[in-house]
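Colleague: Respectively, the protein sequence lines represent chains A and Y. Everything in the first sequence is counted per our numbering, starting at 52 for the first residue and increasing by one. Everything in the second sequence is counted per our numbering, starting at 15 for the first residue and increasing by one.
Only true hints are included.
Below, computed lysine-lysine pairings styled on DSS-like, alpha-carbon distance capped at 25 Å:
{"hint": "1", "chain 1": "Y", "residue 1": "Lys409", "chain 2": "Y", "residue 2": "Lys398"}
{"hint": "2", "chain 1": "Y", "residue 1": "Lys517", "chain 2": "A", "residue 2": "Lys71"}
{"hint": "3", "chain 1": "A", "residue 1": "Lys71", "chain 2": "Y", "residue 2": "Lys545"}
Simulated from the structure, these hints should not be mistaken for laboratory data.
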Amino acid sequence: MDAMSQLRRQLHEHTAYLRKEGFLDDQFEQLQKLQDENSPDFVVEVVSIFFEDSEKLLNNMARALEQKIVDFKQVDAHVHQFKGSSASIGAMRVKNVCIEFRNYCEAQNVEELFGCRCFRCIQKLQYEYALLKNQLEYLFRVEQQIRAAGG
Amino acid sequence: MGSNRAVQEAVSSNPSVTPQIVESTEALTVILLISCWYIAMINRVERHLNLNTHAFHSKLLFEIEEKAKFLHPINSSATNLARVLGSSLNGSAKLSFSEIETRVAPVLFQALSTVTYLSQISYIGLEGLFFSYYTERNQTFAVYSNSSFSSDRSDPNVRKNYISYIQSVNNKTGKLYGKAIESPPLSMINTSWFQAALNSTHGYASVETGWNNVGDLLFLNSARINGGGVISLGFPVEALTGIFTSMDRQDESSYLATKDGKVLIDQGLPNIHMVLDNNVVSLQLMKPNGDQIGRVGNVSCSNLKDGMPRASILNIQEKEYMFSCLLLDIVGVPSVYLLGFPQNGLVSLVHKNKKVALLLLILMIATMVVSTVSFVLIIIRAAKQEMHLCAALIKQMEATQQAERKSMNKSLAFASASHDVRASLAGLTGLIELCYDEVALGSELHTNLRQMDTCAKDLLGILNSILDTSKIEAGKMQLEEEEFDLAQLMEDVVDLYHPVGIKKGVDVVLDPYDGSIIKFSQVKGDRGKLKQILCNLLSNAVKFTSEGHVTVRAWVRKPSLQNSIIASKRNCLPCLFYKNSQAYNDLEAMNAAQQDPNAIEFVFEVDDTGKGIPKEKQKSVFENYVQVKETALGQGGTGLGLGIVQSLVRLMHGDIGIVDKEIGEKGTCFRFNVLLTICENISCDTAKSEALDIEEGCTHQMTVSTPNPGLCIRTPSPKLAIHTPSPRLKASHVVLLIQNNERMRTSQRFMENLGIKVSVVKQWENLPFILRKIKHKQSSGKSDLSSPNEHLSRSPSSTSITIEMDKPLNTIDGSDYILSVFKRTTPRCTSSFILIVIDASAGPLTELCKIVAEFRKGLHNTCCRVVWLEKPTMRSISFKGVEDDMINSNDVIMSKPFHGSRLYEVVRLLPEFGGTLHGNIGKQKRESMPQVRKMPGDHPSSSRIRSYSENYMTQRVELQDHSSSSETPGKKIFSSIQNLSHVRYSKSRSPLRHGKSSKEQELQECGNPSNEKFLSGKKILVAEDNLVLRMVNVSSLSGLGAIVEYATNGQEALQLVCNGLSDKRKHGASNILPYDYILMDCEMPIMDGFEATKKIREMEKDYRVHIPIIALTGHDASSAEAKRTIEAGMDAHLVKPLRREDLLKAIRIIDNKQKYV
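Generate coordinates for the entire structure from the input sequences, incorporating the hints supplied.
Modeller: Written as structure tokens, this is what we have:
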């Protein structure tokens, strides 16, 4: 029982932490609300799809930026998609980086310098994404533990 | 290199130097020429002079010769006379004296009278007869001897008897008269000249002594007459030589001597005598006494050359003289004339003068040369200096240009570099956060990480300020206008710095001032930049204040005053700026900005009690990179802050300055003003809702029928809705116990402006005393009820409401601002209300609680509420130690910065301002009270309205006040209403909810419970390419009860719609839509949302239906993308991610539209 409550607290605290640090926003809460008996693993499913999708997008972006002549439109499209998906699961920080990234992409024709920025942005994006993934995986692990404990 | 070129340029650019040099050389050549000319001229003059001298000399000699010739005729006068006489005597040789007297004497007299120069004439007979005339001093005398000697000449006796007489002669007749004087006989027969004359036929001339007494030398010219006698004529030597000597010059010396050595003239050189010797004249140097010293030289007169005398040169006394010798025949006497000239008398004069002139000339030339040279030197030096200056100027200019270029490059590099640095910094902070998770809490590493995080954030702040500076420098800063709540903003900023200040022991106070900010709080402007300005000033103030407080206040500048200023400006300025049209236009633009009817000038002040800024530094503080050294020491910072602030303020059409504090006051007060636009629609809304409220209030009042229903007054100001309280009502009393004096002062003033009676407790120890006093008054107040004058006179600041009503309400006054915000309502309780605001940290909490509890015990018929001010951090802890019964259920616990919304909320607790009366009345009522509950802590960061409404929401509203409610019928009705809607109670009650319409509230109220499945039965198509998004959307829609289909792109969606439409037609139900709504993502592969929408719209035309399509995009609602969606024919636009409320709203709008279609 104690372990159970501790786990719950841990979960709660972690969620609060994620909210506070801006990893997640209201949208994630909405997502959690959608989870019911019909789809008990809804959040996990969605997020795992998001992970898959994101990794694909990130790879695509990285590849696009490695090209000699960078097709910024394509990169922009990727970033846009990434932004959309991250927004839909409520990954606020990732979304914000995406917005920043898109600003640079839009300006890329003007200055070559922004090309360099894009690299930095994608690094940041990858970093943020990894961070988010870690956090969410931890969250899910705790949830699973709770569920396993019969909560 | 550069300087050389510069010098050349300078030379070429200075044309005045070269001519000056040329001029000076010309002057030199001119000088040389002059000197040459001078020498030549002198030579010529010399030559001429020599020539002239020679000519003159020869002329002189010639003249002398001529004169001598002129005297020549005199030679023959004697012979001629003798001949004439001889013929008249008829050749008789012997004449008697009487014959002589009668015949010879008249002739002689005639001759004497007629012949010039003749001074003596005589006839001498051989026998001794003798007759002579001579003149002496114009008197003619005759000398004669009438006795002849014996014929025997040798007889000496005879001779002895020879006597001559002198007798005067009549000058006119020649007759003798007077007495004849005997005189020694003149024996002339034996003289050589007599003999010579007797012997020669042509006469004889010699120089002899005259008869007269003086014995003048005479030229004697004698001739014989018939052999018997001799006639002689005597000419005075002086008279003849005078002719020569009269011509004499100064430098010349002339000597005349007869051939036989008689010197006639001896003029000229002193001590020089001439001796004639056989045609050779020797000059002898003589001593003054007559002794001869030596010979000087000889001049030969014998050989004449060309008739001209040859000149011989002698050196006398070291001076060269030229002597010329002339042979003259004067009255027949051969003589020599020696003429001596100084060899070069004139020439030497010339030479002497020449030297002087040359000296003068040289002097002149020298001065000229010196002056010219010095002039040239000065000119050259000046030119050099000028060249140096020019070179320096050029260098300087180059340097300046370079510096400017550098600065530009630096700014650019700055901007780009800070972008990069920011990215790296973001990485750093991210990594630090990452590390946070993995490190054990409380470990050293954790502390380090936290410090690193702080450092990184500081760095980011500095970087941002640098970036701002470069942005401002580049002029790229622009205002981003948006609507915001100014009061909220200010409170946020102050709350942000409150903890920082508290940490340092400085209280950060938000001064409501005249409340004008609350009235005009909905404004449009650049929120971010205004916040930046306030943050910057506030952080500075907190940073440099070590004790005391920091006050932030803001107010609206009176519009009337402003307008009049502008008007006066307009009157006078056009004439001033008439010429400068640019400036005038600017001014116009400024005026236009200021005259925007909605633009209002807001003045902000940040006042601290720190070290202050020295007067002389106050100006430079706003320059970039300037810090006041003494105070900034050890505080860090870049010195950019105030520069940025100033730029930002100017960007917002304002200005910033330091307000002079009074002497003795510490610290600095920054004041700035900005122009912000008032949001019209909001204020309209407020007005409307307020009007509604007023109506409500009135009707309410009517129904409850207060003792004085006629007192519902509609004031001319639409915002003011003051319900006069019943005259029997006692004003509420507020007791303030706040640690910080400034905060206490501002709160007190604010409340007093509202007409609230305020008591201030400075020390917690005084609290019981004050409370006792109040209690005493309350208890005695019952008797005072009939005389309201008592409390009117108590203090002018706690003015009663009736007094305030007397004021003209349309004037905008400080208190009116506040009154306009806080609507007064009639309290439904005649019992007085006491609000105690206690700073929990002002004293030991338990003590305070005890005091309050003690106070409560003795209260009768008086509501009492306590507001506890708590530090946000120690909230839950501090109250744990307090017993439950110490704290009343109605007590409010607030986190600390007691200003802004918290202050207003406290004011609203008062019955006049809409507060409810659930104070406990008397101790006996406490039993029936519900369990003491602690109120949940409000979030200090949450918005002011929500936090408090939430407070009230959770607070269970119970009506325990039966006794009081029974007193007024209105109260009962009201409380029943309260009971009915207790959940939303606070919201509907809150008078400040002017922003939200009742409709919206209703929507929310009815929405939430029924919302859950508001889409049940609806068929929705989701077109979304992104899997995650699709899943989320689909499940959230199905969560709302909808039947969801999905498509992965526009093409699929189109196909589905097409199929659906045709299916419906097949079933004959073409008017039923295949999908109730379509959620369309815009950016999809194969076919995007815009195109799909267009196609669907075309397709539906055939079926005469309209399927609502809602666009889902990742773009802002205001962006161009959003507009495109509407243009493409979509009905609504939602921003990703999908939110329930938004969807709900959109669907509602669409439904409404369709109803009317």
